[in-house]
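When you get a sec, could you build the whole thing from the sequences and use the hints?
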Amino acid sequence: AQKITQTQPGMFVQEKEAVTLDCTYDTSDPSYGLFWYKQPSSGEMIFLIYQGSYDQQNATEGRYSLNFQKARKSANLVISASQLGDSAMYFCAMRVSGYALNFGKGTSLLVTP
Amino acid sequence: EAGVAQSPRYKIIEKRQSVAFWCNPISGHATLYWYQQILGQGPKLLIQFQNNGVVDDSQLPKDRFSAERLKGVDSTLKIQPAKLEDSAVYLCASSLRWTANNSPLHFGNGTRLTVT
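Top line first, the protein sequences correspond to chains A and B. Mapped onto our numbering, the consecutive letters of the first sequence carry residue numbers 1 to 113. Mapped onto our numbering, the consecutive letters of the second sequence carry residue numbers 1 to 116.
Treat the hints as calculated values from the structure; they're not laboratory data. Mixed in with the good hints there might be a few duds.
Listed next, the stretches of chain A that the computed footprint assigns to chain B, with coverage defined by at least 3 CB atoms under 8 Å from CB atoms of chain B [as the list claims (entries may be wrong)]:
| id | region |
| --- | --- |
| 1 | 26-34 |
| 2 | 47-54 |
| 3 | 91-103 |
Straight-line C-alpha distance at most 20 Å; calculated EDC-like pairs for lysine to aspartate or glutamate [claimed, not checked]:
| id | chain 1 | residue 1 | chain 2 | residue 2 |
| --- | --- | --- | --- | --- |
| 4 | B | K78 | B | E14 |
| 5 | B | K44 | A | D26 |
| 6 | B | K44 | A | E44 |
| 7 | A | K105 | A | E44 |
| 8 | A | K3 | A | D26 |
| 9 | A | K105 | A | D55 |
| 10 | A | K105 | B | E85 |
| 11 | A | K73 | A | D26 |
| 12 | A | K105 | A | D22 |
| 13 | B | K44 | B | D63 |
| 14 | A | K3 | B | D56 |
| 15 | A | K3 | A | E17 |
| 16 | A | K105 | B | D86 |
| 17 | A | K3 | A | D29 |
| 18 | A | K3 | B | D57 |
| 19 | B | K11 | A | E44 |
| 20 | B | K71 | B | D56 |
| 21 | A | K70 | A | E44 |
Remember, predicted model here, so these are calculated numbers, not experimental data. Glycine included, each C-beta is placed from N, C-alpha and C at the ideal position.
If you want it as C-alpha cells, here you go:
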C-alpha cells in the first residue's frame, strides 16, 4: 500500500526566511514519482515540483527545492526566501505505476511580515 | 494553453437531492481524474479515466456516485441522492500520460458542494 505522511499541520515563517515542509512516504514499488502542490485559499491546486525515484539529484524549481532522501523515504520541500504570497496549504503526493496521485493531509504555511 | 475547466463553481443542495458536476480537461490529455477534498484534508481519488475507459474507481461510492466520460473528452460526476457528508470540493484533473510517473496532474478550480 502507498502512504504519504505530512506531520506538520501548520507552520509559520517570517518573510525572506527559508522553510522546510516535511513529507515521508511508503511504497514497495521501486519506480515512483513524488510531487508537491500548493493550494491557496482560492482553492486551485498548483503543481510546484517533481522528483523521480531514480533521479540522482534533488529537484529544483526557482525558489522551490526538494530534499530527497531515498533511504529515509523522505521528500521534504524547501522554500527559500519566503514571500507573503507563499501562504497556502502545501500537499505532498506520490504516483506509482502511472496511477493517480495519492496525497498527504497537507501543511498550512503562514508567512508573516 | 487553456486549463482544466469545471462548472459550477459553487453548489448548495438539500440532502437527498441530486447534483452533477462538469469537467473539460486540457486539450490532448487522455487521462482524467475526479477527486473529493473534504475540508482540512488532502484530495482523495474518486475515479480515473483513460480516454473513456475507467482505470480505477475503487474509492467511488457506487451506490450514490456515478461518472462518465463521453467521447474521451468531457466528464460529468453525479451524486444521487446526496448526503451531508458529501459536502466537499470536487476537483477535476487531467494529465498527458497516465503510464508515466513523472506526468503531473493539472487541476481545475473545483466545485464547492454544500449539502444542507
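Structure-based check of each hint:
| no. | hint | in the structure |
| --- | --- | --- |
| 1 | 26-34 | holds (count 3) |
| 2 | 47-54 | holds (count 4) |
| 3 | 91-103 | holds (count 11) |
| 4 | B:K78 / B:E14 | holds (15 Å) |
| 5 | B:K44 / A:D26 | holds (17 Å) |
| 6 | B:K44 / A:E44 | holds (15 Å) |
| 7 | A:K105 / A:E44 | holds (16 Å) |
| 8 | A:K3 / A:D26 | holds (5 Å) |
| 9 | A:K105 / A:D55 | violated (25 Å) |
| 10 | A:K105 / B:E85 | holds (18 Å) |
| 11 | A:K73 / A:D26 | holds (7 Å) |
| 12 | A:K105 / A:D22 | holds (12 Å) |
| 13 | B:K44 / B:D63 | holds (18 Å) |
| 14 | A:K3 / B:D56 | holds (17 Å) |
| 15 | A:K3 / A:E17 | violated (30 Å) |
| 16 | A:K105 / B:D86 | holds (18 Å) |
| 17 | A:K3 / A:D29 | holds (12 Å) |
| 18 | A:K3 / B:D57 | holds (18 Å) |
| 19 | B:K11 / A:E44 | holds (17 Å) |
| 20 | B:K71 / B:D56 | holds (18 Å) |
| 21 | A:K70 / A:E44 | violated (29 Å) |
Violated hints, listed in ascending order, are 9, 15, 21; each of the other numbered hints is respected by the structure.
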